[in-house]
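Asker: Okay, here's what each chain looks like letter by letter:
Number of protein chains: 2
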Amino acid sequence: MKVYGATISPMVRKVLMALEIKGLDYQVEFVIPFNTPEGFEKISPLKKIPALVDGDVSLADSTVICEYLEDRYPETPLYPSDPVLKAKARWFEEYADTVLMKVTAEGLYFERVVKKLMGMETDEEKVQKNLKKNMPKTLDYMESVSPAEGFLVGDSLMMADIAIGSSFINAGYAGFEPDSSKYPNFAAYMQRIKAHPAFQVRMKEDAKFINKE
Amino acid sequence: MKVYGATISPMVRKVLMALEIKGLDYQVEFVIPFNTPEGFEKISPLKKIPALVDGDVSLADSTVICEYLEDRYPETPLYPSDPVLKAKARWFEEYADTVLMKVTAEGLYFERVVKKLMGMETDEEKVQKNLKKNMPKTLDYMESVSPAEGFLVGDSLMMADIAIGSSFINAGYAGFEPDSSKYPNFAAYMQRIKAHPAFQVRMKEDAKFINKE
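So the protein sequences, as listed, match chains W and S.
Under the working numbering, the residue at position 1 of the first sequence is numbered 1, and the numbers go up by one with no gaps.
Under the working numbering, the residue at position 154 of the second sequence is numbered 154, and the numbers go up by one with no gaps.
Be a bit skeptical, because a hint or two may be false.
Taking lysine-lysine and the DSS-like style, the derived pairs with C-alpha atoms no more than 27 Å apart in a straight line are [unchecked claim]: (1) K116(S) with K42(S); (2) K48(S) with K132(W); (3) K137(W) with K42(S); (4) K102(S) with K137(W).
For the record, the hints were derived by calculation from the structure and aren't laboratory data.
Required output: the full structure, derived from the provided sequences and hints.
Answerer: Next comes the structure, spelled out in structure tokens:
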């Protein structure tokens, strides 16, 4: 299997985590959204990352890809089998892909890290506005749903945890960590899931990438 | 089951179509996003529509709800069972929920219909810009994927068709129809799926709502 994208992207990381935890072989082809290779729209119609090629199957969108990996390679499940828990899991993934994408990625990581790597100027005013206006309600929600122990929807790390964790890992790269005195459950939950071996592998790779540039 | 939302919303229509085709009983509780009832965030954390209550299960997000209905009430399937086709189906639904939401809803239906119903002024400049800048590439893509006969991913109307169809039905309420000389496959496909009895029921209900105001 081939994953197209930048390994440090929170959306690409979702796919890499799923592949690693399921023990599937894969290669990464480095693609960034601003400069996609000729013909990339045949794999990813909107030229977005991640995209996956598995034999003669081409797929785009991190959630579509992760659900596909689950359906086609069900060993080591990353979604609960119970329909109600599975729906809860999908809600958290959707929340991460939409709300957290805006708050932790577009309004924070993208401004402070991606723009810097690309030689562009951070719009720190935008970042501060985001941290004041959007971040507190996001953290309030995360605190309200974070379990005191274990994971969001199952007995092990699943896609819901991967999606949420992945977003806040990139917020961390932009210098933001949840305040453990205000958000004790969420801060502890984040520490717990970041300790997972698959996240550790990814974060070590990310460190090389960030330090190289 | 109780569906919270406005029946004319393309996202709410996805859920109503799923319930109707699966033959499940439901009631609709009228909710609009601008003025949600007290405590609605307990059902829909972002106060968005649609939301669903099924016994003690509360869910938000049209895709999360439709996947839940499929998992919990599998009779009359609305997603293919093959993992590759199911992934394709999910891609089309994601495309509808993101790209079409912007092009056919936010930049068109919302401006010309919703704003009018609410006594606000249509930003026709925004609509024209959207129709010139975004609509052509959207229609090019839809034409490239529309089947000459039948449906997007199966032998019957499924969620992929429902999501795409639902978006363009609302574009129709805003006076936009795809040009059948430029987009013959897509225009014919839209006519074909709009003729489905479940879409016909919904569109008759919509007509009452639009004409009432």
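Asker: Please go over all the hints and tell whether each is borne out by the structure.
Answerer: Okay, the hints, checked on the actual structure:
no. : hint                 : verdict
1   : K116(S) with K42(S)  : 30 Å, violated
2   : K48(S) with K132(W)  : 22 Å, holds
3   : K137(W) with K42(S)  : 15 Å, holds
4   : K102(S) with K137(W) : 25 Å, holds
The structure fails hint 1 only (numbered hints given earlier).
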